[in-house]
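Asker: Numbering (full-length UniProt numbering), first residue to last: 1 to 859.
Bear in mind the hints are in silico, worked out from the structure with no lab data behind them.
A few of these clues could be false.
Derived Cβ-Cβ restraints for the label pairs, each shown as a range [what the hints assert, rightly or not]:
{"id": "1", "residue 1": "A325", "residue 2": "D231", "range": "44 to 54 Å"}
{"id": "2", "residue 1": "E119", "residue 2": "A855", "range": "56 to 66 Å"}
{"id": "3", "residue 1": "E78", "residue 2": "R42", "range": "14 to 24 Å"}
{"id": "4", "residue 1": "R330", "residue 2": "D849", "range": "40 to 50 Å"}
{"id": "5", "residue 1": "V61", "residue 2": "R668", "range": "50 to 60 Å"}
{"id": "6", "residue 1": "L756", "residue 2": "T699", "range": "42 to 52 Å"}
{"id": "7", "residue 1": "T102", "residue 2": "E498", "range": "57 to 67 Å"}
{"id": "8", "residue 1": "A393", "residue 2": "N280", "range": "43 to 53 Å"}
{"id": "9", "residue 1": "A768", "residue 2": "A652", "range": "21 to 31 Å"}
Glycine included, C-beta positions come from ideal geometry on N, C-alpha and C.
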Amino acid sequence: MTADPGTTSIDSSATIDLGNCDREPIHLLGAVQPFGFLLAARLDDGQVTHASANAAAALGVAADAVIGRPLHTLIAPEAVHSIRGLLQGVGTDMVGRAFAMTLTSGLVCDVAAHLLRHEGTTLLIIEAEPTSGEPDSAAAALVRDMIARLQRAGDQPAFHRAAARELRALTGFDRVMVYRFDHDGSGEVIGEAVDPGRGPFLGLHYPASDIPHQARLLYERNWLRIIPDIDAAPVPIVSAGGGMPLDLSLSVLRSVSTIHVEYLRNMGVAASMSVSILRNGRLWGLFACHHYAPHRVPFGRRTAAELFGQVFSLLLENRERAAEAAYEARAQAMHQRLVTAMAREATRFESVVAHLDEIAALLACDGIGVWTGGRATLKGATPTPEEFAALIAHLDDQGIDKVYARHEIGGDYPPGRAFAERAAGMLVVPLSRPARDYLVFFRREVSRSVAWAGDPTVPKTYGPNGDRLTPRQSFAAWRETVTGQSQPWLPLECRIAEMLRVSLLEVILQLSDLTEEERRRAVARQDLLIAELNHRIRNILGLIRGVITQSRDSATSIESFTEVVGGRIQALARAHDQITADNWGPASLRSLIAAEAAAYLGGRGERVHLAGPEVLIEPEAFTTIALVVHEMITNSAKYGALSDQRGRVDIAAAFTSDGSLSLRWTERSGPPVSPPTRRGFGSTVIERSIRHDLKGAATVDYAPSGLVAHFTIPAAYVRQAPGSTVPGAAAAAMPLRPGRLPQDVLLVEDTMIIALDAEDMLRQLGVATVRLAASVADALAVIAVRPPAFALLDVNLGVESSFAVAARLRALGVPFAFATGYGEQAAFPPDFVDTPRLRKPYTAETLRDLLEPFATEEA
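Please take these sequences and the hints and turn them into a complete structure.
Answerer: Put into structure tokens, the structure is as follows:
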């Protein structure tokens, strides 16, 4: 056995900067923290492939007796079953949790589990730590009271302070901080609860490099990260051989980077915990928890802390959105009044200049300028006209074509430092295409004193971690005076500016040269459209006239004539709807067949099944093919497979080597077929229209077992839809057609979430009736009412098993299978050893594969 590799290095010739930490693969360290142990087993056969070095001792087996053994021989089969069931109800990027689970005799653990795709195999990752004995319900009750107190907080500082206080009371850390990231990635402590004997960190700033980029990504995936003891020796993960180390991104026990350990040690911190604060799925900040001695928070309280962090994130987002909504509503009302007033006046740039004061009131700014026709108009705190003209030349060089926000003009435009006291930040709104006229909002310089936790500019040096980087050692408060910057422009303010830009371009500046050119183009497009419409209307009228004339001979009465003509015209209308829905572009063959099938079969449209790639038909061929499909389904509904309840139609589509489309129409299980004694208009459409109109091919064989037709449509009229299945692989990739599975399924499952998930899968696969039972008694009662066509039985139903239900089903001759999280070698009664088994967690595809052999011809 070998330990997973996990060491990293940084090129010693690289620039020494704490940002080098961004290159450290902190999710591939190949070790775990020692407060728990880790097992990894293949999902398919349950064989253990990786284990932390302390797993053997925890499980009471020899050190070399873990790797390669079936999982159910190391921990209780009931525990394996429960863990697999646990993962049935969570997503692929989520962790399932269980409290006080008995893994072996005398070993009761809190468990976290997730699935990991590793070197082509899906692994079940199990992490266990000795349970604290505290019931998880107690932690849940704590969170309820915490949230109630948090909601009573007044302003934002009180809200942040209350959140830190509540989390400290829950977890027992010496210090809990609410840490918010700024626009540049640095962070500030905006809320704090701390032991009275320790100095405050409130208001301190930390540089962006203190939390590397890859660490921030992990905080977005994991709500909570804990390090109970920074001095605890990491435990290596061992495996049968080499290969990549396990990706521990979702791991609870993931080991700690030596750089981060030294960083915490330099701060005097012995244990830490972080709880993510997200907004719109992105990292807004953290609850940063510090303890100055080793400190392990019980599993249940950590879960409660994670829940508290999630609720805090939602409350925070609601508070911030409410403030933004009020700001935006005020701006929109002012914007609407402004645009209405300007629209009644001269609709050129002069109107913009005349309303500069009202425009400036839309956003919080100190000055505003407009550049039109090579002239500047300025109001408030702005650059001088000469400085403004030079700034506009710089914007022209940048090719600005959308709203452009900068809180430090001098950073991108060094001459801007000369007028930073008057205008340090700008929000640029282009007023023409291409941009040559601009509206610019300005903000004054805001000189501020920033208190850093240590000097962020101190050079970094290599230290005891070899060629890794040593974090800074001093965290004494260090003040820096920041100049040349304004208050940053908020995303909301940029949206308001974009709204204004659209209005000025599309409403106020409607008489610009570009708009006039666009108007001339629109007139030309309209003339072309009218001509094309006249042409198509004449063709459609001619086609309808031909349909009426050709249908006349086959009609035996006014009623039958009306029905036949009406059906054919409805088919043309449906075809027209589909090609006009895509602006007279290519339309779907699948949608055409589905529409025609639904017109005749209503809710039984699944009796017509199309297999193959997604095909798009060009508009010039769509009417012809629509008529052919209509006549084929009409004939099948009157005389063929669709004329009774058992028959079906299978259509196979495939592209040939020259790009043509081959369609094979096969009717099955219907009444006997005989060739028609006369050729009507419908038969003529089927056999001749594709040959005549599209220069394709059509053959029809009236076989007694069912009509078989073959059509070839030239490549000029068809194409494969982007992203559809490739020719030749279509049939395998098509979902199972509803009706080819048992249609009455009994699902016996005692976990509600798993039962609902399985029910959804069955219904998506086309099973008509799904009946649920949570116990043996419930299942036997359901069977007594009406035996199902098939049953899927969870083996373990809490305090009982489903073998009694299986015995009853076998006596009735009803096929069934077991859904189980137990290993392949788990003990089953001899009568059921050969019964099919579905391993948890299962998918719709594996469920379909299980049920398909049990479908009856009548299903």
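Asker: Any hints from earlier that this structure breaks? Give me their numbers in increasing order, please.
Answerer: The structure conflicts with hints 2, 4 and 8, although it agrees with all the remaining ones.
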